[in-house]
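Asks: Line by line, the protein sequences give chains D and X.
Sequential numbering from 1 applies to the first sequence in the numbering used here.
Sequential numbering from 1 applies to the second sequence in the numbering used here.
Keep in mind that the hints were calculated from the coordinates and are not lab data.
Possibly wrong hints are sitting among the right ones.
Because identical chains cannot be distinguished in the list, a pair is counted as satisfied if it fits within a single copy or across any two copies.
[Unchecked claim] Under the rule of at most 20 Å between Cα atoms (straight-line distance), these lysine to aspartate or glutamate pairs were calculated in the DMTMM-like manner: (1) K308 x E281; (2) K128 x E105; (3) K438 x D183; (4) K438 x E185; (5) K222 x D172; (6) K308 x D115; (7) K276 x D323.
On a predicted model such as this, the values are computed, not experimentally measured, just so you know.
Protein chains: 2
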Amino acid sequence: MAASITALKRPAPTALAEAVSALAARFGNHLVTSQAVRDQHAHTTTWIAPQPPDAVVMAQSAADIQDAVRICAARQVPVIAFGTGSSLEGQVNAPFGGVCIDTREMNRIIAVNPDDLDCVIEPGVTRKALNEHLRDQGLFFPIDPGADASLGGMAATRASGTNAVRYGTMRDNVLALKVVRADGEIITTGTRARKSSAGYDLTHLFIGSEGTLGIISELSIKLRGIPQSIAAGSCSFASVRGACDATIMAIQTGIPLARIELLNVAQVRACNAYSKLTLPETPLLLLEFHGTESDVAEQSAMFAEIAKECGGGAFQSTTRPEDRTRLWQARHDAYWAAAALRTGSRPMSTDVCVPISRLADCVTETETDIERLGLIAPIVGHVGDGNFHCLMLCDVDDADEVGRAEEFLHRLVERAHAMGGTCTGEHGIGQGKQKYLKSELGPEALDAMRALKAALDPHGIFNPGKILPPA
Amino acid sequence: MAASITALKRPAPTALAEAVSALAARFGNHLVTSQAVRDQHAHTTTWIAPQPPDAVVMAQSAADIQDAVRICAARQVPVIAFGTGSSLEGQVNAPFGGVCIDTREMNRIIAVNPDDLDCVIEPGVTRKALNEHLRDQGLFFPIDPGADASLGGMAATRASGTNAVRYGTMRDNVLALKVVRADGEIITTGTRARKSSAGYDLTHLFIGSEGTLGIISELSIKLRGIPQSIAAGSCSFASVRGACDATIMAIQTGIPLARIELLNVAQVRACNAYSKLTLPETPLLLLEFHGTESDVAEQSAMFAEIAKECGGGAFQSTTRPEDRTRLWQARHDAYWAAAALRTGSRPMSTDVCVPISRLADCVTETETDIERLGLIAPIVGHVGDGNFHCLMLCDVDDADEVGRAEEFLHRLVERAHAMGGTCTGEHGIGQGKQKYLKSELGPEALDAMRALKAALDPHGIFNPGKILPPA
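Generate the whole structure from the sequences, applying the supplied hints.
Replies: Here it is, written out as structure tokens:
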């Protein structure tokens, strides 16, 4: 199973200069080397230090990606794909320099097929732009990671978000991809058929590969009909365990929850302060139901019963858009509310995911750890998936606090692993979590991943230094 | 992208003899070399000629699979995994001889986790045995390919079936696998967490790989709560197009159809004759709804409206188990009813899958082709997925008819491709459909698949001669 990938290093200065010169000749002013633009393309959403690329190509078409890859591959210069830069684990950093291929101007919606509930798009289309385009046809794309990310980036990082409990993650919503491979040719991974058993599942291999196996140049994705009726409601619980029990019971009962989000006490307090709300300062569940009017009424009534059984407060739902918006305000503002707890600090969002039966334990032990270590880190959770986030607010100039934060992150992943979970439900591995792949899956899985990388990218030009830890 | 796999050939007789002798020493009477048992392990469900293995190991544990693989790998002897032998495209044949590893006695249910709606099982557990075991806990595993297949085999072939429209295929229902790799070590592909973005998606790479990349020794799979209420009904349509239009409209409206199956006129006639029914001899849809009592009543009423709009007959549903059974009789007997149309012929089931907007065209053109070529081939379809089957009844001793049948199969796949579909929705590639992978996805995808095969199975010991066509 030995797999050799060319050693991770910066390209030779002459090779890089040649590549940039060839790119300039091919791309004119769509090649940018200014420091400001390079800095914008380095990772900035966490405390991982930004590592800008040497140059940025503003790709306009698949042919642009192909040519840029060919020029770089010929000189073994790294190539880093870029969507909107909203990834959270250093996925777009350029630790070995190289050329960033920015796909944001590849934002054409190529075809919408309402009868098939699918569409074909370029990778730079963002989810908000797509949903804006689809609204008049009564359709929407359900995956919502929070940020207005590009669909190419969402596929590359296997993104999910608040309504994965109902609609799945990017893993479940991509029919097929076109991917530029290491020699510049394009791999087609599937058709628009809803299902296929024709050969190896290349689509899923590229989903979540974080640009390390190829660059996505086109996506065929599933769409849904906008539900007739949407109801939302919130429910306070005496404990995180009560909220988790209610969630488990609702799922077992078969209520097709569209969203079920947990805010812990620290997050509720932050939201009250930030959004001038008067929520009871206890764990809070926010819920959304999709369906016909009678569906959502029935689902809501069923959940109210369950909440009562699990020690929750009164539950009522509303279908009025303005009331729903107000209800979800706390969740939408969670990031900013947490950030406002400590101005000047850098919010750092991390996530783990465990089997739902262990979620209450995992959140409760994590809260204890936060307190013990003297950290500020409110928790929000996609509780239906067993997935939760800690938004850590850390003074990055305080070495002692950074040390405690690192200890916290390490213990959080170990806790998730001990409970049969994963080190990341939706943020990915990037640079931040490489050290946990082996402890999560074992050396054999890591061998297999290295072998796949070597098979598809033998010279290691695609996003080097991501996912796979140094051998 | 060049990938070298050891040439496909029978192992040297001395290597084979050595392997069989080492297996006999290790496995005692769990190694079987009788002709009868070898023949039982060759493919028998189609007209592809049976090709028995040289020996069969009745594995009792993952350690047995590991040792058998190690013994064979050391001598480059092929290894073919076997579940129940119900695959349809020659997946369990041994064209280059070698050792079959039969997993049917690895049938332990290791753990059921009701709160997490998942379970951990050995690969030889069959779907009926699993559902029998789960019933008392109010849980079930939804994938139903018809045959009482093993879960290991269903994962290996990416199986689906009648209720994929609601619950997805094996692709959507496996959380993690353990897979014995080519050196006998075990790869763990994931955790029991509902979602993960930790590294390459090894789980999906092995699902549908038909035993060519490794042998599944354990599965963690998703379960569902048995619905409170199940309603079923049937509806006749003047045309296949009307039935397809009703299906599309029902999906667009968001009715969570649990099953929606099409029988064409030829199949309805066969069922009437075989099961002594008096169904009108027009295209027929059979439907099933899952949910609460009010859910299924509402869904049923909504579908009745849609059927009327699309020129369908009256639609009523029933929740009484005996009435449901009677309604589904026609579908359950479809295979035997078709087979009875021509006693002595060999039923040969093939499938394609197209975007649902093209399904009516595809079925109608296929019916015309069947008539033109003078063949007998009733059609049943998982119409919600755009997937349908032709059950061809062919006199395999009539060379002219076999020629026409082959022409029909070829044109069927070409038609599906021309409509943006796939050469197989659920039967897989096996031996039968290798020649269509390249025309479906292009040479680049085939290159990638070959590279993956070489990366994970460099000596080509796993199920040689399957999926990938000769270079």
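Asks: Compare the structure with each hint and give your call.
Replies: Taking the hints in turn, this is what the structure says about them:
1. K308 x E281: Only inside one copy: K308 and E281 sit 18 Å apart there, 53 Å across copies, limit 20 Å.
2. K128 x E105: within (15 Å within a copy, 52 Å between copies)
3. K438 x D183: between (30 Å within a copy, 19 Å between copies)
4. K438 x E185: Cα proximity of K438 and E185: across copies only (15 Å, versus 32 Å in one copy).
5. K222 x D172: both (9 Å within a copy, 14 Å between copies)
6. K308 x D115: between (42 Å within a copy, 19 Å between copies)
7. K276 x D323: within (16 Å within a copy, 58 Å between copies)
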